[in-house]
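Below, each chain spelled out in residue letters.
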Amino acid sequence: MGEVLVLVDHVDGAVRKPTLELLTLARRIGQPSAVLVGCGAGGDTDANAAIETLGRHGAVKVYLVDSPELDDYLVAPAVDALARIAGEVGPAAILTPSTLDAREIAARVAVRLGSGLITDAVDLRPGPDGPVIEQSVFAGTYVIKAHVNGGIPVITVKPNAAPVELAETVPAVEKVEVAPPPVATAVRILSRTARERTGRPELADAEIVVSGGRGVNGAENFAVIERVADALGGAVGASRAAVDAGWYPHSHQVGQTGTQVSPQLYVAAGISGAIQHRAGMQTSKTIVAVNTDPEAAIFELVDYGVVGDLFAVLPQLSDEIEKRR
Amino acid sequence: MKIVVCVKHVPDATADRGFDQDGATDRDSVDSVLSELDEYAVEQALRIAESGVEAEVTYLTVGPAPARAALLKALAMGGDRGVHVVDDRLRGTDAPGTAAVLAAAAKHVGFDLLLCGMASTDGAMGVVPAMVAEHLGVPAATYLSEVEVGLGSVTGVRDGDTATLRVQAALPAVVSVTDRAGEARYPSFKGIVAAKKKPLLSLGLDELAVEPDRVGGVGARSTVDSATPRPPRAAGEIVSDSGEGGVQLAEFLATRKFI
Numbered sequence: 001m002g003e004v005l006v007l008v009d010h011v012d013g014a015v016r017k018p019t020l021e022l023l024t025l026a027r028r029i030g031q032p033s034a035v036l037v038g039c040g041a042g043g044d045t046d047a048n049a050a051i052e053t054l055g056r057h058g059a060v061k062v063y064l065v066d067s068p069e070l071d072d073y074l075v076a077p078a079v080d081a082l083a084r085i086a087g088e089v090g091p092a093a094i095l096t097p098s099t100l101d102a103r104e105i106a107a108r109v110a111v112r113l114g115s116g117l118i119t120d121a122v123d124l125r126p127g128p129d130g131p132v133i134e135q136s137v138f139a140g141t142y143v144i145k146a147h148v149n150g151g152i153p154v155i156t157v158k159p160n161a162a163p164v165e166l167a168e169t170v171p172a173v174e175k176v177e178v179a180p181p182p183v184a185t186a187v188r189i190l191s192r193t194a195r196e197r198t199g200r201p202e203l204a205d206a207e208i209v210v211s212g213g214r215g216v217n218g219a220e221n222f223a224v225i226e227r228v229a230d231a232l233g234g235a236v237g238a239s240r241a242a243v244d245a246g247w248y249p250h251s252h253q254v255g256q257t258g259t260q261v262s263p264q265l266y267v268a269a270g271i272s273g274a275i276q277h278r279a280g281m282q283t284s285k286t287i288v289a290v291n292t293d294p295e296a297a298i299f300e301l302v303d304y305g306v307v308g309d310l311f312a313v314l315p316q317l318s319d320e321i322e323k324r325r
Numbered sequence: 001m002k003i004v005v006c007v008k009h010v011p012d013a014t015a016d017r018g019f020d021q022d023g024a025t026d027r028d029s030v031d032s033v034l035s036e037l038d039e040y041a042v043e044q045a046l047r048i049a050e051s052g053v054e055a056e057v058t059y060l061t062v063g064p065a066p067a068r069a070a071l072l073k074a075l076a077m078g079g080d081r082g083v084h085v086v087d088d089r090l091r092g093t094d095a096p097g098t099a100a101v102l103a104a105a106a107k108h109v110g111f112d113l114l115l116c117g118m119a120s121t122d123g124a125m126g127v128v129p130a131m132v133a134e135h136l137g138v139p140a141a142t143y144l145s146e147v148e149v150g151l152g153s154v155t156g157v158r159d160g161d162t163a164t165l166r167v168q169a170a171l172p173a174v175v176s177v178t179d180r181a182g183e184a185r186y187p188s189f190k191g192i193v194a195a196k197k198k199p200l201l202s203l204g205l206d207e208l209a210v211e212p213d214r215v216g217g218v219g220a221r222s223t224v225d226s227a228t229p230r231p232p233r234a235a236g237e238i239v240s241d242s243g244e245g246g247v248q249l250a251e252f253l254a255t256r257k258f259i
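Chains as they are written, first to last, in this note's numbering: chain A, 1 to 325; chain B, 1 to 259.
Keep in mind the hints are simulated off the structure, nothing from the lab. Every value quoted in this text rests on a predicted model; they were computed, and no experiment measured them. There is no bait here: all hints are sound.
List time: in silico BS3-like cross-link candidates among lysine-lysine, alpha-carbon distance up to 30 Å:
#1 A:323 / B:257
#2 B:257 / A:17
#3 A:285 / B:257
Chain A is nowhere near these chain B residues, computed Cβ spacing over 10 Å in every case:
#4 1
#5 20
#6 32
#7 53
#8 56
#9 83
#10 86
#11 191
#12 200
#13 208
#14 209
#15 211
Cβ-to-Cβ under 8 Å is the rule here; a few derived chain B residues that face chain A:
#16 131
#17 223
#18 237
#19 248
#20 249
#21 252
#22 258
Using N, Cα and C, we set each Cβ at its ideal position, and we do this for glycine too.
Chain B on its own, in the form it takes in the complex (with noise of 0.2 Å):
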């Protein structure tokens, strides 16, 4: 069985996150990690892996030169094999775009089984893998807390926003997996040292045939006309409770007429 996991180099969730002045996510001023969400992905295609289903784990990332280290972290953790699409011209590329990039890619490798996080968490839409099946015409199997990979299909529970749902769909397929998927592993030192002797394959839009004008700032469908900064907020009144606070609190919600 292929598996294919696409995962994501992001700037730190933690640190002060910006744009260029392009209207491009900074990539430079921050450190980048794994996009943590991506995680839950990679872990579910190991699980996969070690549970007798004899399956290859090829782990799929676009991005500037730096993404490859989304690639090492996840070898580290397993898998076989990493695929790094690199090129000038993706600078700048909406999700549309990526979509069309990463099932170019995924074509490209080819899969039984393509696994994604729920969203990155730095554009945070969360389309990129419906996207993705869209244009290879296959099922995306999305929100999935729960996978299950038998003969030719695969099966899994999808927390909604009303229900709780139990799902299948036939391979090849997308599954997204969100971060109730089961808790992804550490990778070992021994896992890191392998991680880089691990063969790692990169691609640029001509081997992949992608049309230059559909991706980067050129191909993207929308635009940024402005990214400020947030004002900070005024800061609170905070008092210690010496027996009224709940009285005070009562008071202050009085005065913004929530009571």
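Excised from the complex, chain A in its bound form (with noise of 0.2 Å):
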């Protein structure tokens, strides 16, 4: 079976989970070879630990992309990498996760390529033609099965699209250099300020998400919505109307323009349900709302739902899941 290249989206060498559901999936087409840009070799982060991972979950090769002068640059020095190897190796796909940076890297990759690009896909499975994509639109109305017909796939997955497995290898690591991208073609990074970490899951890739919206009625109000959060295990979102009333954080925004989310569960409390926000989460799993309206949107799409004050229900249901613990 070919060569499959993954990009891993990693946040200075810890590697974030969508990219080890790539492993999962590039494995079902190919051997997967993961390329790590900017970790290691020139850089200040250790490569090693990275490397170990992606070999815990299938990676047959690492390519490792770095030079001093990487992380002044957006996206660029992964593109011409990446390109580059592929074009070496004519691999059977290119995957890469669906963070803002990497679809923009796939995007410029097929065009280097002439390749044709699918973003967004929730499954992958081997067909004739190539890779067999699965992808939900027109906010999870439609399901497209698609393939590329020209040039290497290149592929842009959604969280939760496969299970993270375990396929112990010891990879072969090879070092690739790049040189930093001339100032015409080149997006310099002035200053970077890193979202603090909550401690609680990554919203794209959570398996739980409890959001709260207009109902909420208030920053300090919010903290009901965290105590189920974390009662669950899961992370905390937020409706637009919420995040506009600067109540929480738009990291934290569900909807069409927020992050879309797509886990097991899905606690709506105090949304409405408005068509925006329905496109962030229609495809959850298992849908739950609290709201006082019962006319309200939201409850078209539960699996259950109840008519109430969320400040009522919300600390009642965290009492109760801790009381069971």
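With the hints as a guide, bring both chains together as one complex.
Here's what the structure looks like:
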């Protein structure tokens, strides 16, 4: 079976969960080779932990791409490296996560290679003409099956598209050099402010998401939402209304223009269920909601709903969950 | 300064959208509108033009004849002219093909700054701005929530996945902006009337020297094998809280093995 390039998404050398899901998918269609950019060799971050994690989940090879100035540039060095590696090895496919950076890298690589590009895959299986990708489109109302019919398939994959699987290997490591991009094409990073880590799961990857909306009525009140999230081991989300009102950071916004999630469980509290929000969570496996308005659109989506005050229902729910532990 | 804003005419996201037999988006059965996320790009262009920088704002769209309405809506908000790339052979064009056409048109028109929304609300891929930049050999500063144009460069704030960045690129450059970039203005009645008098240029593939076999269904490098409506969710159980709502919810979660 052929090589499948998997672009690694990491934060300071810690490989993020969706990348491990990509390795599972890659193993269905070939031998995964991870492309690890910006960690090790010339940079500050130690690549060894990342290489070990990637090997533990099936990466047969790791291409280590690093140069001292890599961190100063947005995307371009990763594009150069990935396109060059692909040109040399002719992989069966290139899989990337769905982060903003990865999406852009995939887009540019597709143009450079003259390849077809499919984004937001929720599943991937081998097919007669190359990998068959499944997508969920138009706010989750249509399921698409598609494949690339020109060039090396470039595919971006949504979180939760496959289980994380162990497949212990010791990967071969190959170093790849890249030069800084020319000024005319470069986007320089002037400064970087890391997002505060909450200690909760990342919204995009989480298996459980508990979201608050307009009904939460204030930033301090989000503690009620957080308590349920913590009791369930989930991430906290917020509707656009709550974010626009300044009650919770935009990084937690769930919706068409926020993060789109598809967790095992989505709890919507004080959220009416406008189209904009639904587009961000409609494909969640189990959906429950609490809202004072029995006519709220969200109730059309739920597996279970409580018409009531979230300030009464959620604390009681949290108590019950804690009792049952 | 020449500012070009890419806009798209898309099926209304609040309506029942669907597909044609050949896997292309059905653009006939549902009313189409200027993609909501493009309004933020239009707004940023107008703010730059109003900030004292001498600028000319051109709107660019690729689409069938009705897509002209997206240009008119943008022109009603402000700006100077519209460019419509329209050609029957474009039907069913994929994202890479669309980017190639936009790049050719942008080059034809000339630009210092090419502004785009962060993604369309139909394809929702968010890849075209970067692809256009790749074709043109210019930087793409994407997902900006703040944009500032200086002498020969553009600077902005980018809300990335794990960090907020301040970024900078030399002009000419492609920039995409998010919905946090500044509320888009409503067109005034006067603006709507004035829009109809602003110049609108139509271009086809031949004028842009784009090879027909690169675009349309013929040139597409990905194929839709099937488009199936998802069965509607079975109606769930809804209860009224009479003091035990939280407990009942917990019981439901327990039956689904979440606790």
